[in-house]
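Colleague: One letter stands for each residue in the lines below.
There are 2 protein chains.
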Amino acid sequence: MKKIGVAILGLGVVGGGVYKVLTEHREFYQKTQELDLSVESVLEPRRDRIEALGIPEEKVAHHVAEAVLNPDVQAVVECIGGVELARQYVLAALKAGKTVVTSNKELICKYSHELERAAKAHNAGLYYEASCVGGVPVIRTLLDGLQSNEISCLMGIINGTTNYILTNMTERGVSYEEALEEAKALGYAEADPTADVEGFDATYKLSILASLAFHTKVPPVKIFREGIGGITAEDIADGEPLGYRLKLLAIGKRTHAGIEVRVHPAFIRKEHPLAGVGGNFNAVFVTGDSVGDVMLYGKGAGELPTAGAVVSDIIFAATHGEHRYSPYKNTAAPDKETTFVDDFTCAYFMRMTVNDEPGILSKITAILGRCGISIVELAQREKEKGKAKLTLITHETHERAVKSAVAKLGATDYAVVESVIRVAQ
Amino acid sequence: MKKIGVAILGLGVVGGGVYKVLTEHREFYQKTQELDLSVESVLEPRRDRIEALGIPEEKVAHHVAEAVLNPDVQAVVECIGGVELARQYVLAALKAGKTVVTSNKELICKYSHELERAAKAHNAGLYYEASCVGGVPVIRTLLDGLQSNEISCLMGIINGTTNYILTNMTERGVSYEEALEEAKALGYAEADPTADVEGFDATYKLSILASLAFHTKVPPVKIFREGIGGITAEDIADGEPLGYRLKLLAIGKRTHAGIEVRVHPAFIRKEHPLAGVGGNFNAVFVTGDSVGDVMLYGKGAGELPTAGAVVSDIIFAATHGEHRYSPYKNTAAPDKETTFVDDFTCAYFMRMTVNDEPGILSKITAILGRCGISIVELAQREKEKGKAKLTLITHETHERAVKSAVAKLGATDYAVVESVIRVAQ
Numbered sequence: 001m002k003k004i005g006v007a008i009l010g011l012g013v014v015g016g017g018v019y020k021v022l023t024e025h026r027e028f029y030q031k032t033q034e035l036d037l038s039v040e041s042v043l044e045p046r047r048d049r050i051e052a053l054g055i056p057e058e059k060v061a062h063h064v065a066e067a068v069l070n071p072d073v074q075a076v077v078e079c080i081g082g083v084e085l086a087r088q089y090v091l092a093a094l095k096a097g098k099t100v101v102t103s104n105k106e107l108i109c110k111y112s113h114e115l116e117r118a119a120k121a122h123n124a125g126l127y128y129e130a131s132c133v134g135g136v137p138v139i140r141t142l143l144d145g146l147q148s149n150e151i152s153c154l155m156g157i158i159n160g161t162t163n164y165i166l167t168n169m170t171e172r173g174v175s176y177e178e179a180l181e182e183a184k185a186l187g188y189a190e191a192d193p194t195a196d197v198e199g200f201d202a203t204y205k206l207s208i209l210a211s212l213a214f215h216t217k218v219p220p221v222k223i224f225r226e227g228i229g230g231i232t233a234e235d236i237a238d239g240e241p242l243g244y245r246l247k248l249l250a251i252g253k254r255t256h257a258g259i260e261v262r263v264h265p266a267f268i269r270k271e272h273p274l275a276g277v278g279g280n281f282n283a284v285f286v287t288g289d290s291v292g293d294v295m296l297y298g299k300g301a302g303e304l305p306t307a308g309a310v311v312s313d314i315i316f317a318a319t320h321g322e323h324r325y326s327p328y329k330n331t332a333a334p335d336k337e338t339t340f341v342d343d344f345t346c347a348y349f350m351r352m353t354v355n356d357e358p359g360i361l362s363k364i365t366a367i368l369g370r371c372g373i374s375i376v377e378l379a380q381r382e383k384e385k386g387k388a389k390l391t392l393i394t395h396e397t398h399e400r401a402v403k404s405a406v407a408k409l410g411a412t413d414y415a416v417v418e419s420v421i422r423v424a425q
Numbered sequence: 426m427k428k429i430g431v432a433i434l435g436l437g438v439v440g441g442g443v444y445k446v447l448t449e450h451r452e453f454y455q456k457t458q459e460l461d462l463s464v465e466s467v468l469e470p471r472r473d474r475i476e477a478l479g480i481p482e483e484k485v486a487h488h489v490a491e492a493v494l495n496p497d498v499q500a501v502v503e504c505i506g507g508v509e510l511a512r513q514y515v516l517a518a519l520k521a522g523k524t525v526v527t528s529n530k531e532l533i534c535k536y537s538h539e540l541e542r543a544a545k546a547h548n549a550g551l552y553y554e555a556s557c558v559g560g561v562p563v564i565r566t567l568l569d570g571l572q573s574n575e576i577s578c579l580m581g582i583i584n585g586t587t588n589y590i591l592t593n594m595t596e597r598g599v600s601y602e603e604a605l606e607e608a609k610a611l612g613y614a615e616a617d618p619t620a621d622v623e624g625f626d627a628t629y630k631l632s633i634l635a636s637l638a639f640h641t642k643v644p645p646v647k648i649f650r651e652g653i654g655g656i657t658a659e660d661i662a663d664g665e666p667l668g669y670r671l672k673l674l675a676i677g678k679r680t681h682a683g684i685e686v687r688v689h690p691a692f693i694r695k696e697h698p699l700a701g702v703g704g705n706f707n708a709v710f711v712t713g714d715s716v717g718d719v720m721l722y723g724k725g726a727g728e729l730p731t732a733g734a735v736v737s738d739i740i741f742a743a744t745h746g747e748h749r750y751s752p753y754k755n756t757a758a759p760d761k762e763t764t765f766v767d768d769f770t771c772a773y774f775m776r777m778t779v780n781d782e783p784g785i786l787s788k789i790t791a792i793l794g795r796c797g798i799s800i801v802e803l804a805q806r807e808k809e810k811g812k813a814k815l816t817l818i819t820h821e822t823h824e825r826a827v828k829s830a831v832a833k834l835g836a837t838d839y840a841v842v843e844s845v846i847r848v849a850q
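Chains as they are written, first to last, in the numbering used here: chain A, 1 to 425; chain B, 426 to 850.
If you are wondering where the hints come from, they were derived from the structure by calculation, not from laboratory data.
Warning: the hint list may mix true and false statements.
[As the list claims (entries may be wrong)] Keeping only pairs whose Cα atoms sit at most 16 Å apart, straight-line, the calculated EDC-like set for lysine to aspartate or glutamate is: (1) B:LYS456 / A:GLU418; (2) A:LYS20 / B:GLU575; (3) A:LYS270 / A:GLU226; (4) A:LYS2 / B:GLU615; (5) B:LYS456 / A:GLU240; (6) B:LYS812 / B:ASP838; (7) A:LYS20 / B:ASP714; (8) A:LYS387 / A:GLU418.
[Stated by the list, open to error] To list a few chain A residues with every Cβ distance to chain B over 12 Å, as calculated: (9) ARG46; (10) LYS59; (11) GLU178; (12) ALA185; (13) ASP192; (14) ARG225; (15) GLY276; (16) ASP293; (17) VAL310; (18) ASN355; (19) PRO358; (20) ILE360; (21) ALA388; (22) LYS403; (23) SER404; (24) VAL420.
All values reported here derive from a predicted model rather than from experimental measurement.
Each residue gets a CB set at the ideal place from its N, CA and C atoms; glycine is no exception.
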């Protein structure tokens, strides 16, 4: 039976989970995969973590070389997080010809070109399924399941924290602040929630997924990003009668004009399979030219889902003869022939408070029309004291047209635009 | 660049689709996979099909050996359908050391043990992603994405025809007969729809998926099977107020008692991700011990989705050094240590017409109670002429208890049981 010794660098949530999955399933993998997977070395500065897992003293490395260069170690799991130290450790392991498995999305989206170059040079493996959407095998699917397809669109709910917050706001009508505090209390949001709620986490993941889907490096800086901090319970409630749910979407499209990548809150029709993805679940919806629409759904984070993805990568590397690398020229910057669309078009939802007087609709639609914006759907309801609430959905239009319309409406004395939200199509 | 010559046996819907996908994407695969995939040989008795695809004469083989033993052919695609001839052709290709890719579910679920033995003996590859759920890479996911998990449950909507019929009955209230005729007219159902509506097709697919998920051969004969022919529009309508949708489900469970495999119509709660899978879409919902719940959703059949899966297998085989075989001892019969649960428990929906008189509920619940059946939910509505309609959902119970209750109720002069449908949990 093939024996694979594993070194785990970092025993936080994911690294600890990997230790548990490997030790608890050793016999199962011997039986089903004909592989003997054993943890041979761990590197972790915190003694309490080592003790909590009951790891024998002789497995504890005192410095990275001891773990990575251990001749009994064939696979190195990087779970220390952060970028610079992780990068050095991963490079050291790759240069020693080891299989490296990481859940570090920031590392992969910023340095996969450098790491993969080192991997190829030393016949080493670089695997990162766990970096995106936890236990859902979306990277394996893009690389080895849908690789016969030209992919035109990838659309996902790929951040569990924001989906938990938005689901809570949708189902219980609570405010953003309240939902955020609750997510913090339950451990779904960090004390500093910026990376999640401002869309950075989703941007890193989209960078990785879009690079694989569109066969060219899509750096995070090319991704338009907007967080959910400005979303109110009223916005979400306004979508309901129009048939929309609000989600933080990561969207990648490839058209003849180029690649369009963006992360932002968006209304999506209730009938769309992504609309039903609630709580801390994640999903990725992919459109390929042969397969049509495919969706993968599951837990996007958490100790065991993420650890399971790490272990799946270790097994994959051990049960296939050759290492698999990116299906594109993995460089720091995109291919020269790749164009990015930054002036993208989109449908929009708008809410404004207007004077409740005859002819007001005609004035407003005239302003929108002069900006080149046409309307799909519009509803006006009376508010108090001579004011009305106007909600509308536009046809697909340019962002600059919407900005110009908002400025023009803001300059009037009869309309105040309160909310502008993109609508996914 | 690695060159892979492909032979296609059979140019029906799937085989023709494979020809199109390969020829239209040749440059794309050269660029993204560093593979030159070219169709070198086709075997097809119908001239019209060859001509419709514009296949040059020199590529047309006159007998199977000419296609399969062609030294320029590394991968053989079997799309002739049926079992016996397909089996012979596939064996011939495997014995010649070729990679065989097939979409033939009946062949795989009945002969994978023999074919895989031949593949191993000749260092050949046997791939069959296209045999289950069309373009959705569910087999790749079980083998190479969720293989770190012990899977406890696999539940799927894996037949597009029946899902189209049931969705139509649900959304438009039409009868089974009407929905079936419509499905025939649209090409979603065959002239003889038995294989689909009686659940044979789903049984073959479940046999393949459950074998992979539970690591032991699950032969079709071990699968309990019931079709959708007895379902009425009234059954479906009755589920609505109780919060259920009706689907033809393929269910595989592994518990301490053994493996339980079944295909039958079942009510499923509207909140369940499978409940929203409509039309001719398919989905497979898998529960693993690390990942939790995962769902894969997409087109389960059709020319291009299925052809795309075939081509993905060709690419997979060509881009990984070693062939991948079943993660279990692939034998004709299950392992000796495997137990199959045939006396499974389930919740049930029942509808009956009862005499609308005082004390009737007490009589009926007494009969159910004596059979060991307890009730979760019950609704009684007046019908015409002294009759009432009673619908109820039971707690989990044995099928024999339900049968006994139905017999006892049938022997009374105050109740007629009209419908008994399982409820998925």
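Colleague: Evaluate the condition: distance from the CB of ARG225 of chain A to the nearest CB of chain B exceeds 12 Å.
Modeller: About 27 Å separates ARG225 of chain A from the closest Cβ of chain B, which puts it past 12 Å; holds.
Colleague: Quick one: work out the minimum CB distance from ALA185 of chain A to chain B and report holds if it exceeds 12 Å, violated otherwise.
Modeller: ALA185 of chain A clear of chain B: closest Cβ-Cβ about 22 Å, beyond 12 Å.
Colleague: Does ASP293 of chain A really sit off the interface, with its C-beta more than 12 Å from all C-beta atoms of chain B?
Modeller: The assertion about ASP293 of chain A is violated, with a minimum of 6 Å to chain B.
Colleague: Minimum C-beta separation from LYS59 of chain A to chain B exceeding 12 Å: can you confirm that?
Modeller: At about 21 Å from chain B, LYS59 of chain A clears the 12 Å cut-off, so the statement holds.
Colleague: Check the hint pairing LYS270 of chain A with GLU226 of chain A against an upper bound of 16 Å on the C-alpha distance.
Modeller: It is violated: about 22 Å lies between the C-alpha atoms, which goes past 16 Å.
Colleague: Does VAL420 of chain A really sit off the interface, with its C-beta more than 12 Å from all C-beta atoms of chain B?
Modeller: holds, 29 Å
Colleague: Was VAL310 of chain A rightly flagged as not at the interface, with every chain B Cβ beyond 12 Å?
Modeller: violated, 8 Å
Colleague: Say whether it holds or is violated: ARG46 of chain A keeps its Cβ farther than 12 Å from all Cβ of chain B.
Modeller: At about 24 Å from chain B, ARG46 of chain A clears the 12 Å cut-off, so the statement holds.
Colleague: For LYS812 of chain B and ASP838 of chain B, compute the direct alpha-carbon distance and say whether it is at most 16 Å.
Modeller: Distance ~12 Å between LYS812 of chain B and ASP838 of chain B Cα, so the pair holds.
Colleague: Please verify whether LYS2 of chain A and GLU615 of chain B have alpha carbons no more than 16 Å apart.
Modeller: violated, 48 Å
Colleague: Measure nothing beyond the straight line between the CA atoms of LYS456 of chain B and GLU418 of chain A; if it is 16 Å or shorter, mark the hint as holding.
Modeller: It is violated: about 48 Å lies between the C-alpha atoms, which goes past 16 Å.
Colleague: Does the claim that ILE360 of chain A lies off the interface hold, with its Cβ farther than 12 Å from every Cβ of chain B?
Modeller: holds, 39 Å
Of the numbered hints stated above, those contradicted by the structure are hints 1, 3, 4, 5, 15, 16, 17, listed in ascending order.
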